[in-house]
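Enquirer: So you can see what is in the structure, the chains are spelled out below.
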Amino acid sequence: MARFFVERFLGMIATLFVVSIMVFIIMELPPGDYADRFAFRKFSGLGITVTEADIQAIRVELGLDRPAIERYWSWITNIVLRGDFGMAYAFETPVTRVIGDKGFLTLALLFFTLIITYLVAIPVGIYAAVRRGTAPDYGLTVFSYLGLALPNFMLALVLLYFANRYFDINIGGLFSPGMERAPWSLAKLWDLITHMWLPALVLAWSALAYQIQTVRATMLDELGKLSVTAARARGVPEGKLLVKYPARLAVNPVVSTMGFDVNRIFSELPIVAAVLGLTELGELLLRAYLDLDMNVAGAILLMLTTIIVVMNFLSDLLLAWLDPRIQLGG
Amino acid sequence: MDPILQVADLSISFRTEEGLITPIQGVGFEVGRGRTLGLVGESGSGKSVTTKALMRLLPGNARIDPASRIRYRAKSGEWIEVHTLRDGARALRRLRGGEIGMIFQEPMASFSPVYTVGNQMVESIRLHTPLNRREARALAIEMLVKVGLSNPGQRIDQYAHELSGGMRQRAMIALALAAGPALLIADEPTTALDVTIQAQVLDLMRDLQRDLGMSMIFITHDLGVIAQIAQDVAVMYLGTIVERGPVREVLKSPQHPYTRGLLRAIPSLDRLDKRLSPVPGDIPSPSERPAGCPFHTRCAEAIAGVCDRIPPAETVLGPDRSARCHLLAQPGRATA
Amino acid sequence: MAAIDPRPESDAERRARERYYSASQWTLIWWRFRRHRMAMAGAAVLATMAILGLFAEFFAPYGPTQRNATYLSGPPMVPMFCDHNGCSLRPFVHGTRTERDPVTLRSRSVPDPETRLHVQFLVEGPRTHLMGVIPIERRLFGLDEGRLHLWGTDSLGRDIFSRTLYATRTSLSIGVLGVLISFFLALSIGGAAGYFGGALDYSIQRLTEIIRVIPVIPLYMGLAAAMPREWSTTQVYFAMTLILGAVGWPTLARRIRSQLLSIRNEDYVVAARLAGAKPRRIIAQHMLPSFTSFIIVDLVISFPYMILAETALSFVGLGLRPPAVSWGVMLQDAQSIRAIEQAPWLFIPAVFVVVAVLAFTVIGDGLRDAADPYSDAR
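Chains as they are written, first to last, in my numbering: chain L, 1 to 330; chain Z, 1001 to 1336; chain C, 2001 to 2378.
Worth flagging that the hints you see were computed from the coordinates, not collected in a lab.
Model, not experiment: these values are computed from the prediction.
Be aware that one or more of the hints could be misleading.
To be verified - Part of the chain Z face toward chain L, derived, beta carbon under 7 Å:
id: 1; residue: M1055
id: 2; residue: L1057
id: 3; residue: L1058
id: 4; residue: P1059
id: 5; residue: G1077
id: 6; residue: W1079
id: 7; residue: R1093
id: 8; residue: R1096
id: 9; residue: G1098
id: 10; residue: S1112
id: 11; residue: V1114
id: 12; residue: S1124
id: 13; residue: Y1159
id: 14; residue: L1327
Stated by the list, open to error - DSS-like mimics (lysine-lysine), calculated; alpha carbons at most 30 Å apart, straight line:
id: 15; chain 1: Z; residue 1: K1075; chain 2: Z; residue 2: K1146
id: 16; chain 1: Z; residue 1: K1052; chain 2: Z; residue 2: K1075
id: 17; chain 1: Z; residue 1: K1274; chain 2: L; residue 2: K240
id: 18; chain 1: L; residue 1: K102; chain 2: L; residue 2: K188
id: 19; chain 1: Z; residue 1: K1052; chain 2: L; residue 2: K244
id: 20; chain 1: Z; residue 1: K1252; chain 2: L; residue 2: K240
Ideal placement from N, C-alpha and C gives every residue a C-beta, glycine not left out.
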């Protein structure tokens, strides 16, 4: 088990390293750098016309004229050693300040979504397999087609429309107006929870559709296996049999695709966040892209990907613990 | 015979997309206490389905005909009418594992891969006895010793995939017998084994039978194995028992053309230069059952006009000895 | 003692059997696909969309950027056969008249239930070119005077129906190009990896794994954000297809590679090898047929993701930009609550997206079942 852990851990570090290089490449893609914008902002307030030389001077001052590899290295070491993500283009504020507690909000949203997904998908999938061919099972198949076809952000739009039209409530946002800037307290936490369930549901939508089908398919597979018949032949009562034997194995693919679910949730996040007006990393990422503020965008992209990689790692460990066959095969 | 199991008029139908199929028709046999009944027949003759019905392990689309009678004598002495038990009944769960046990052709597949051997054994023991966990574990270890596993204290905490093939076979037997059933159904346990391992397993099963006073139903298509392990034999063809009786008698003087054909088909070291003589043709699918006697389409001695129209009744040939063949039913002779 | 044969085969049955055995692989797949009702429905829907999009100049009464200043954010006009004045064989809509809004004091068009404008078919319109090449002058339908807005207009007075048709063309074609580009990349890179094997294969494999770890839409967005603002519509269009292809190839490459490996280990390939067949023949005769049928399924399944990606990107402003029209661009107008409240018909492109994705998914499922000879068609 220890060797398995070390192998996976080293793999994770290597992946993160390569990912950081890719993120840096993305950050470098837009033409130009922000020296000219910085110069304009700095000097226009003082009423001085900006010249090429000024821009170049700023470039040197900010270290933007150094070769890419050097800049990458200083960027990544700053992050890893000092937690310093550099300066946001727009505000002359450190990126960390711009991001603020949005990282925690995003994580909270993520876990809420995952909890909803697994708490619903596993029992429902098992039920659908046991009651195969009946009306509820068929309904779930329709649901899973819809889940794939109706993207999360469209669902958000539809829900927004209906909530507004028929219930006259505005369901957007992670907080009630005013609560957002307030310091953290129990009241704020409660406010967050009451607002978070809807975005979490929207984000969970397609993951649910997929996982219910996965659990159902695996259960059907497992139900036909000899080990289940053998257990029945030993007199294990049906209910206990279901949970102990096939269900336990049906959970495996869910655990192994956990990283994939997180990946997909984060992928949909910016757009859903834009529609629902959520103030967290996804929405900030979108704004950063639109502003071409690549320091912020790169930082968020790195954060999101890191969370995904870590979740992959954790789910690998969890899977190995659940299924003793894994450790032998690797 | 002092029977522990009596089966009569067992018919089983399946609801399929092609309609109602009745692959098992009118099966009847008895298993004697402490004796082994060999159930022999080609693949597709319905041996597995019949024995699964004994423990009501058939899938949801199966229906046991109401005229069927399955009577099992429990360890307590009372007779259980298995065919009347409802699905999910307590008595049925107690029957499974506690009174009747079953082992299968693939030992690896019959264990769950995520629980240890011991976990599954202890589960079975505690379902059928009032022992606590410690006592159950001790009993499980004892069982592992009885089946000839070395290092039982270690094996009990291992997973099925950690054991070698032979050890898995023994562990599977131990698992089936853990709760102390009086009747063991062995569904082709030696079919996938090579001859030397096969001999070891058969020895083990004979010893267990002697030590535990166990009765057995042994399913196989190999007449040689039957000769080694069974005292009684029932020959099945397309869902009916065509001949049954004590092994020595049936093998020495088979009364049914199918049995005769099977015996003739066994390759012999004495006839190395002669061609093999299989039973001609193929077993029909259960949905295309021939009219009359099911074997008539492959029988060299079929009587036209009789065998292809009228199903043969069971002709009693002696105590616990009978066959279903028109050739045996002569006018004036009593039929069972 | 004859073999079991209930009754002799009729002539018709024998001919059918021969047809079956001598049919080519693709014919067989087509026959099986045909039996899949939902997949056929999906194919029909998709074909309709494609035709509407391809010949948008004909089917759409107006151009994609044509404005009707008198009918801003106007609701859909549904042609009817009867109104309070009686019925007519030809469908018509009510004309409009201008009146002053009592609240805002601005003039606006309102339906005039007394006038009738009959819908004309094959009307004449300004000369335009079908797909930019073939000159036409007629449109499928329209009005002699006034404008017929089947699905309403947006805040700039542009006809939603026409714009949706042009958007269909753009969105579907971007999807096709994106899939083709990613397929080409996946085949070359994956093929190279498979062919050379060893370190190249290993590193390419690791690379694809790592690319797939980065969340897809943020990755798309990162690449799209790099498109300079000054680029023309066409440049943006092609850049989008490249971006879609560049991000999509790892997933496709992975699937291709796994198919290749599993086919290579199939018993029939091993048998061919043992029988002494040359590698060229093994690949062409044995591996390629089953490979291509699975790959086509993979390609069809990739479409929904491409279409959704383009829609999402354009929706947030990081994809195609006006004056280009795609479903995503049109949905940009439907972003806010106010827009949804006041003009819910702006949502109609969303219906197209959902239907297109559903159609592709169903076709993909049907193809998969049809291509797999072991799946039970019943």
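Enquirer: Look at each hint and say if it fits the structure.
Expert: Hint check:
Given the 7 Å rule on beta carbons, the hint for Z/M1055 holds: about 6 Å separates it from the nearest Cβ of chain L. The closest approach between the C-beta of Z/L1057 and any C-beta of chain L is roughly 6 Å, which is under the 7 Å cut-off, so the hint is satisfied. Interface hint status for Z/L1058: violated, as the beta-carbon distance to the closest one in chain L is roughly 10 Å, over 7 Å. Proximity of Z/P1059 to chain L is violated relative to the hint, the smallest CB-CB distance being about 9 Å (cut-off 7 Å).
At its closest, the beta carbon of Z/G1077 sits 20 Å from a beta carbon of chain L; the interface hint therefore is violated under the 7 Å criterion. The interface hint given for Z/W1079 is violated, since its Cβ lies 19 Å from the closest Cβ of chain L, which is over the 7 Å cut-off. Because the beta carbon of Z/R1093 sits about 5 Å from the nearest beta carbon in chain L, less than 7 Å, this interface hint is met. Against a cut-off of 7 Å between C-beta atoms, the interface hint on Z/R1096 holds, since the closest Cβ of chain L lies about 4 Å away.
Given hint, Z/G1098 at the interface with chain L, holds; its Cβ is 6 Å from that chain's nearest Cβ, closer than 7 Å. Satisfaction of the interface hint for Z/S1112 is found here, the shortest Cβ-Cβ separation to chain L being roughly 5 Å, below the 7 Å cut-off. For Z/V1114, the shortest C-beta to C-beta distance to chain L is roughly 6 Å, which falls under 7 Å, so the interface hint holds. The beta carbon of Z/S1124 comes within 5 Å of a beta carbon in chain L, closer than 7 Å, and the hint placing it at the interface holds.
Because the beta carbon of Z/Y1159 sits about 5 Å from the nearest beta carbon in chain L, less than 7 Å, this interface hint is met. Taking 7 Å as the C-beta cut-off, the interface hint given for Z/L1327 is violated, the closest approach to chain L being about 39 Å. Under the criterion of a C-alpha separation no larger than 30 Å, the hint pairing Z/K1075 with Z/K1146 is consistent with the structure, at around 21 Å. Under the criterion of a C-alpha separation no larger than 30 Å, the hint pairing Z/K1052 with Z/K1075 is consistent with the structure, at around 20 Å.
Restraint check for Z/K1274 and L/K240: the C-alpha separation of about 57 Å exceeds 30 Å, so the hint is violated. Only pairs whose Cα atoms come within 30 Å are accepted, and L/K102 paired with L/K188 is accepted, the gap being roughly 14 Å. Distance hint between Z/K1052 and L/K244 is fulfilled; the C-alpha atoms sit about 22 Å from each other, no more than 30 Å. About 49 Å separates the Cα atoms of Z/K1252 and L/K240, which puts this hinted pair outside 30 Å; it is violated.
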